[in-house]
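Visitor: Single-letter residue listing:
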Amino acid sequence: MRAPSSDVPVEFEDVSVLVGPLALLDGITMRIAPGAPTVLIGPNGAGKTTLLRVAMGLIAPSRGRVTWAGRGNAPPGRRAIVFQRPAMLRRSAAANIRYALAAAAAPRATRSERIADLLALVGLSGLERRPARRLSGGEQQRLALARALARDPDLLLLDEPTASLDPAATKAIEDIVHSVAARGVKVVMSTHDLGQARRMGGDVALLHRGRLIEHAPVTEFFAMPKTEEAKRFIAGELLV
Amino acid sequence: MDTDASALHLVLTGDPGLYAIVLLSLVVSLTALAFAALIGIPLGAALALVRFPGREVVIVVLNALMGLPPVVIGLAVFLLLSRSGPLGSWGLLFTPQAMIIAQTIMVAPIIAALTRQTIEDLWAEYRDELTAMNVGPTLRIATLIWDARFSLVTALLAGFGRAAAEVGAIIIVGGNIDGFTRTMTTAIALETSKGDLSLAIGLGMVLLAIIVVINAFAWGARRLGEHFAG
Numbered sequence: 594m595r596a597p598s599s600d601v602p603v604e605f606e607d608v609s610v611l612v613g614p615l616a617l618l619d620g621i622t623m624r625i626a627p628g629a630p631t632v633l634i635g636p637n638g639a640g641k642t643t644l645l646r647v648a649m650g651l652i653a654p655s656r657g658r659v660t661w662a663g664r665g666n667a668p669p670g671r672r673a674i675v676f677q678r679p680a681m682l683r684r685s686a687a688a689n690i691r692y693a694l695a696a697a698a699a700p701r702a703t704r705s706e707r708i709a710d711l712l713a714l715v716g717l718s719g720l721e722r723r724p725a726r727r728l729s730g731g732e733q734q735r736l737a738l739a740r741a742l743a744r745d746p747d748l749l750l751l752d753e754p755t756a757s758l759d760p761a762a763t764k765a766i767e768d769i770v771h772s773v774a775a776r777g778v779k780v781v782m783s784t785h786d787l788g789q790a791r792r793m794g795g796d797v798a799l800l801h802r803g804r805l806i807e808h809a810p811v812t813e814f815f816a817m818p819k820t821e822e823a824k825r826f827i828a829g830e831l832l833v
Numbered sequence: 003m004d005t006d007a008s009a010l011h012l013v014l015t016g017d018p019g020l021y022a023i024v025l026l027s028l029v030v031s032l033t034a035l036a037f038a039a040l041i042g043i044p045l046g047a048a049l050a051l052v053r054f055p056g057r058e059v060v061i062v063v064l065n066a067l068m069g070l071p072p073v074v075i076g077l078a079v080f081l082l083l084s085r086s087g088p089l090g091s092w093g094l095l096f097t098p099q100a101m102i103i104a105q106t107i108m109v110a111p112i113i114a115a116l117t118r119q120t121i122e123d124l125w126a127e128y129r130d131e132l133t134a135m136n137v138g139p140t141l142r143i144a145t146l147i148w149d150a151r152f153s154l155v156t157a158l159l160a161g162f163g164r165a166a167a168e169v170g171a172i173i174i175v176g177g178n179i180d181g182f183t184r185t186m187t188t189a190i191a192l193e194t195s196k197g198d199l200s201l202a203i204g205l206g207m208v209l210l211a212i213i214v215v216i217n218a219f220a221w222g223a224r225r226l227g228e229h230f231a232g
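Protein chains in written order, with the numbering used here: chain A, 594 to 833; chain B, 3 to 232.
Chain A on its own, in the form it takes in the complex:
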């Protein structure tokens, strides 16, 4: 059952996340607008995962404010996240999706059909009864994607969904993300892979040490980076 209202756009207003003296996010102001995927890039520890968790509502900002379509403290009705290392529930692939459908209060009568559709979408038809934890890394990542989509989100957050996957598995994930985005779902994903940012991104946000360095449409970001950090990052230099 779809929640009545959308969670997009997501607005970050001067958002900081502090752990003791350490700022995981430092004064982030950005708007995640409907449309093509937003890709978060930056070195390890830049704050990409924290930003995604804040956008999901899993972490409350220490300072500043996040709103989903103008609402603060919105329950995660229309958003879903795929973690970098998703935990598979100790049950079959189909039962993992069924669980997500039940948690999202999807109508009981439609669940079997939805499971078949979602497994087909992520290319796991035929593996319905396979224990989820026995699937390969790429298959688990696709199942996690199907489980997230079971929530029927209009905001889908992906934390390095292709990290440690081979090119074929990466392409499979990217194809699914493209098809999901084409259906009007707003995708926000983090990656280390600049090529992937070019392939996937509608807009790109570069983070470094918890700060938003630059946020621009993908062509503009790569053709005319405005900041020194962005130029160096695109050139393949290490940002430390």
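Check each hint, because a few of them may be wrong.
As the list claims (entries may be wrong) - What the simulated footprint calls covered on chain A by chain B, stretch by stretch (three residues with Cβ under 8 Å from a Cβ of chain B suffice, anywhere in the stretch; the number is not a length): (1) 668–681; (2) 690–700.
Said to hold, decoys possible - Non-contacting residues of chain B with respect to chain A, defined by C-beta distances greater than 12 Å in every case (computed): (3) V59; (4) V63; (5) M68; (6) G93; (7) L124; (8) R129; (9) G138; (10) S153; (11) G177; (12) D180; (13) V208; (14) H229; (15) A231.
No wet-lab data here; the hints were simulated from the structure.
The beta-carbon is built from N, C-alpha and C at its ideal position, and this holds for glycine as well.
Starting from the structure of chain A, add chain B where the hints point.
Guide: Showing chain B alone in chain A's frame:
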């Protein structure tokens, strides 16, 4: 040699006295295990998931209760159920029910403590996913218990082992009455002291066999479950 042979004879010929003792032992220990599981699993799961002031103290006490001497539990239950005790009017002293109560008290902390550890570990793995799916507390506990079910078999086995092997508590509250509250362990203790080693050895063989068979069955069920459920 003669003693061993007659012990085997008792076992193989299905001696009614011996099998009545075996049956009572199983009924008492398995019933206590069921009650202890009903108490210990939800309690352990709640302790794993709910944060409250004094939680650490409760965990330490629970862990300490795992090592509680059976005779102390027997004594406490005896005082509770004795005619002048607070529950004396129930008339349960020297009955199998009193033995079940004593063994439940003994086994519940073991199951609760092992469940808490198992569920806490699984919660660390599942926390992000279940929170992101907006799963409420009741479904969360049910999910964790269900998904930890194969690991919880180990907790149940530990509880059963403790109950089945125990003498001190049930001899105090059961009284070791022939044909009524005599179990394998109390009978072994008695027959050994009387010098009737045939029955004692026969019961010992059966007790060992039961523990091996139950462990093998649980192990097989766990492996099968892991194969099919992951």
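Visitor: Taking C-beta pairs only, is B/M68 more than 12 Å away from all of chain A?
Guide: Fine: 26 Å to the nearest Cβ keeps B/M68 off the interface.
Visitor: Against chain A, does B/A231 keep a CB gap of more than 12 Å to every residue?
Guide: violated (5 Å)
Visitor: Checking the smallest CB distance to chain A, is B/G138 really beyond 12 Å?
Guide: Since the minimum Cβ distance to chain A is about 9 Å, B/G138 lies within 12 Å and the statement is violated.
Visitor: In terms of Cβ atoms, is chain A entirely out of 12 Å range of B/R129?
Guide: For B/R129, whose nearest Cβ neighbour in chain A is about 9 Å away, the distance does not exceed 12 Å, so it is violated.
Visitor: For the stretch 690–700 of chain A, do at least 3 residues have a Cβ located nearer than 8 Å to some Cβ of chain B?
Guide: Coverage by chain B holds for the stretch 690–700 of chain A (4 residues, Cβ < 8 Å).
Visitor: Can we confirm that no CB of chain A comes within 12 Å of the CB of B/V208?
Guide: Non-interface label stands for B/V208: nearest chain A Cβ at 36 Å, farther than 12 Å.
Visitor: For B/D180, is the shortest beta carbon distance to chain A beyond 12 Å?
Guide: holds (48 Å)
Visitor: So is B/V59 really clear of chain A, every C-beta pair being over 12 Å apart?
Guide: holds (27 Å)
Visitor: Please settle this one: B/S153 was flagged as non-interface, so is its CB more than 12 Å from every CB on chain A?
Guide: violated (10 Å)
Visitor: Would you say B/G177 is clear of chain A, with no C-beta pair closer than or equal to 12 Å?
Guide: Consistent with the label, B/G177 stays out of reach of chain A, its closest Cβ about 45 Å off (over 12 Å).
Visitor: Is it correct that the beta-carbon of B/G93 has no partner in chain A closer than or equal to 12 Å?
Guide: B/G93 is indeed farther than 12 Å from all Cβ atoms of chain A, at 46 Å.
Visitor: Closer than 8 Å Cβ to Cβ for three or more residues is the test here. Does the stretch 668–681 of chain A pass it with chain B?
Guide: Contact hint for the stretch 668–681 of chain A vs chain B: holds, 9 residues under 8 Å.
Consistency note: the structure conflicts with the earlier hints numbered 7, 8, 9, 10, 14 and 15.
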